[in-house]
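Protein chains in written order, with the working numbering: chain A, 3 to 607; chain B, 134 to 409.
Read the hints as simulated data drawn from the structure, not as lab findings.
Being a predicted model, the structure only gives us computed values, none of them experimental.
Where hints are given, some of them may not hold.
Computed beta-carbon distance windows for the label pairs [what the hints assert, rightly or not]: (1) 404/A / 272/B: 51 to 59 Å; (2) 380/A / 278/B: 36 to 44 Å; (3) 272/B / 27/A: 39 to 47 Å; (4) 317/B / 27/A: 14 to 22 Å.
Straight-line Cα separation of at most 20 Å, SDA-like style, residue types lysine to any residue; simulated pairs [what the hints assert, rightly or not]: (5) 240/A / 228/A; (6) 346/A / 113/A; (7) 346/A / 472/A; (8) 84/A / 64/A; (9) 346/A / 272/B; (10) 84/A / 169/A; (11) 346/A / 271/B; (12) 84/A / 282/B; (13) 84/A / 280/B; (14) 346/A / 441/A; (15) 84/A / 283/B.
Built from N, CA and C at the ideal position, the CB exists for glycine as well.
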Amino acid sequence: MLTTRGWWWLFHASWTAGLGLLLRLEGISFLGFMGLAWLLASWVRLRLCCAGFPAVVSMTREVADRGGAVRMLRAGRRVVVKVRLRHRGRLGWPLVRLEDRVPDDGAWNGAPGWWPGVEGALPAGGELAAQWPLDFPLPGVARFEGLRLTVADSLGLVASVMFLRDGTEYPVLPAGAAGDGDGTGVKRANLMPPPGGHRHRKPGGSAEILDIRDYRIGDSPRWIAWKQSARRDRVLVKEFENEVPVRCQVIIDATTPVRRWQPGGSAFCRLSMAAAEILEVCDELRDPVGMIITSEVEASVERPNRGGRHSLRMLQRLARESSVPADQPPVDEDPWPLFEPAAKLAMEIYPELYGSPDLLPGWNRLLIGPGRPGFSRHGGWTGWIFRHRGYVWLAPPAILVAAYAMASPWLCMAATWSGPILWAIIRTITAHHTLRFRERKRLASVLAARQGGDPALVDAMLEDDTLLATRLRAFLAEHRRDRFLPMPPPPPLTTFSRARAERLARAVRAAVARARDPECHFLLTDSSGLPARLDVLVSAARLVRARRHQLVVILDEGPERAGVSQLVEAMARLRVPVILTRTGLAKGEVSKLITSVRRMSGRSS
Amino acid sequence: MSASRPAAPLPAFVPALGWALTLLVLLQFTGRTTWMLVPPAVLALAGFLPLPVAPGFFFACLPVCLLLETTGGGPEEWFDALLGAPVRRGSLGEASLLDLQADELVSVLLWLAIGLCWISGFRELAHLSMLKSDPFPGPSGRGGPSPLPRSMPSAGGRGWAAIEMLALGAGILVVIIFETAFLGEQAGYSALLRVRLASLGGGFLLIFLGVRTVTSYLHWNAMPVLEAGLVAQEAAWREGTVELGALNRWLTWMRVGTRRRAERRWRILSRGRTKP
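Please construct the entire structure, taking both the sequences and the accompanying hints into account.
Below is the structure:
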């Protein structure tokens, strides 16, 4: 492709050559020809330089923090991405702009619209390196799609844009409050048992007195501190330190409303950050911790265990689940408004596919049919005419039959011209539909190639508006571009189903069923459709409390707050604390809560 | 004792010119025609090239010139034979000097030099302007200058560029001269114009198709898996789109019909009727 200065040079040289030919000045026209030949030679040189791409280059990528190269990232912790491009061909690149695509949901503090990178020459056998800081505020998966390489000749007259695909993925682990610091671990207390000592397998108080408090109904008379009670003239009880490990079960709601992306991240991301804090605290207290992630289709269970490897596995699971976008239900809609963002995204990631002229449907199909009516209900009356354009060619024989029947020479003469005239009229009226169809064919081809290269899928997407719109929305959601769609998302349902709550309650029942006392359950969900789910959640909490287990509800407070106060009141009656994450989890809030719950667990058993 | 001043770097072409002059004198004794002046001229021109490359040109052209020396005719006789007109230019002051006289060597060389200067000047200007303006094309929506660190390549390679420009200019001049000589004096300017445009378009197409053929073959061998899958998918779609289209049309009609029936049933049920 010609650059801006290339176009200017082409105009200048063409003008000079044309002027020389027009005025019969052979010398001037020679100068113009020479300018054109110089431009053509630059193009030839660039094509030869870029031939064999991507085999002629190789890239290496390294993500490092202060301690060196890492294979996993932590949400909220800055890393440095180092990219190195090496040329392995015979002809070097005179001038190249290397741009590294920022992963979806990653943040680079650069100029808006630009990607981080470097510009310079890449000789044969040489290297070009760039490094840039990357912030990842949310957990998920950092997928580095690749490098955009803009190769130009030494004068910048012609250029070629290529994309070197990478596809390296780094899990971005959620970080709790412990991860908000500078990354260096601070040992706050020696909670390891002394040498030779073991924590109790069964519940029971230890001999160490932790506190003395007023007597509450239900306390055992054995715990009454007689001397202190007599001294203060009121009944006091001794509170012992609990050395019993409390098994924790983190039950996370991963249904579609929780995964739906909002400004600032999905609810699942915030819930996974809270879950990560719970995991860290339990790991620090050496309590076994498990996790249940329940969605519409399945519920995955990680049995309670302790240890760094187990915690890491659960954090990786959380990161993987955080990157999954919400399911896109099929919606009967006009896919045309989705074309522009999808085409922009496809041009970013698949420039060699989307920009290929081979994807065009061909003028023979566009101009004279065969008719591909499609089943779009959209496009208005011009769309209807465009879908039935193939039937234009029935007009001449019909008129000819009419001419024969009516014995009209005028109709006979009109029959010969009716087809081309009607065709020209229809082409003029439906010109914009032709352009839409070409764009649709490009997008359908790229989407089908991503899914294995099924030609029948291309045809299906050309025919079915709903299928194409669903795939386009999924494509955009996969790369977090659904938040910038020109059209609003489908309106939320006015009636909420209880199926989500039932799945969550089933997970709670499963956790209670396999529990070993003492047990603490953490229920993480959002507040969407809460009034419809309230009774199910309360009954699940009642079941937990009936087994004398502890329950903590962590609620991601959404834009709609209906039902939150009712839930808090209902849970308070069951002595179940409710934490709202939208207001921001205070540092150490969860750890304090877990400590108090451990105390209650040891006491209540 | 003052520090010794570093010596200024000697231009690369100065020793090459010395060698060329020496060889010029020597070769004048060995050859009978002007062909033997070409090797030292090449060496002088190659002084602008990197040192490892320059002797190669000299040693490549020396046997060729020795072979041409055996023909007995120098370059001036070859020009005379090619152009079919006197080589020497009579008077430089004529008005026709402005225009390219294809049958006069001085005019040809003059315009060749002008063309070289023109392209070279543009080349230097492009290098200078590249420091201030962004030469790369990019997606729209980018505001401001490029924030990326840039290590601009040096404006070197003038020697290669000079040779390339010389070759291009000489090639174009040969085509012009041949076309003029082929058409002859009696042909009108319209015929010459047609030939010029035909050679311009034909030459462009020939080079374009040739280069695309070679580079497409290279790209075909180095194609990534995803792109190869797309090519196979496109070929299969073009082969079977009519049959698949017909099948899909029925399948889609079936899907749409099912959906419409379901919607109709839902509407009827929502109105409170028990039977659709």
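Hint-by-hint comparison with the structure:
1. Evaluation of the 51 to 59 Å hint for residue 404/A and residue 272/B yields a pass: the beta carbon distance comes to about 55 Å.
2. Judged by the Cβ atoms, the range 36 to 44 Å given for residue 380/A and residue 278/B holds: they are separated by roughly 42 Å.
3. Checked against the hint of 39 to 47 Å, the C-beta distance between residue 272/B and residue 27/A comes to roughly 42 Å, which is consistent with it.
4. Distance hint check for residue 317/B and residue 27/A: the Cβ-Cβ separation is about 20 Å, which falls inside the suggested range of 14 to 22 Å.
5. A distance of roughly 10 Å separates the Cα atoms of residue 240/A and residue 228/A; the hinted pair therefore holds under the 20 Å criterion.
6. A distance of roughly 19 Å separates the Cα atoms of residue 346/A and residue 113/A; the hinted pair therefore holds under the 20 Å criterion.
7. As the CA atoms of residue 346/A and residue 472/A are separated by approximately 17 Å, the hinted pair is consistent with the 20 Å bound.
8. At most 20 Å may separate the alpha-carbon atoms for a hinted pair to count; residue 84/A and residue 64/A meet this at roughly 5 Å.
9. For the suggested pair residue 346/A and residue 272/B, the alpha carbons sit about 9 Å apart, so the restraint of at most 20 Å is met.
10. At most 20 Å may separate the alpha-carbon atoms for a hinted pair to count; residue 84/A and residue 169/A meet this at roughly 15 Å.
11. With a C-alpha separation of about 13 Å, the suggested pair residue 346/A and residue 271/B falls inside the 20 Å cut-off, and the hint holds.
12. The straight-line distance between the Cα atoms of residue 84/A and residue 282/B is roughly 14 Å, inside the 20 Å bound, and the hint therefore holds.
13. A C-alpha spacing of about 17 Å is found between residue 84/A and residue 280/B, which places the hinted pair at or below 20 Å, so the restraint holds.
14. Proximity of residue 346/A to residue 441/A is assessed by CA-CA distance (about 12 Å); at most 20 Å being required, the pair is judged to hold.
15. Restraint check for residue 84/A and residue 283/B: the C-alpha separation of about 16 Å stays at or below 20 Å, so the hint holds.
No hint from the list above goes unmet by this structure.
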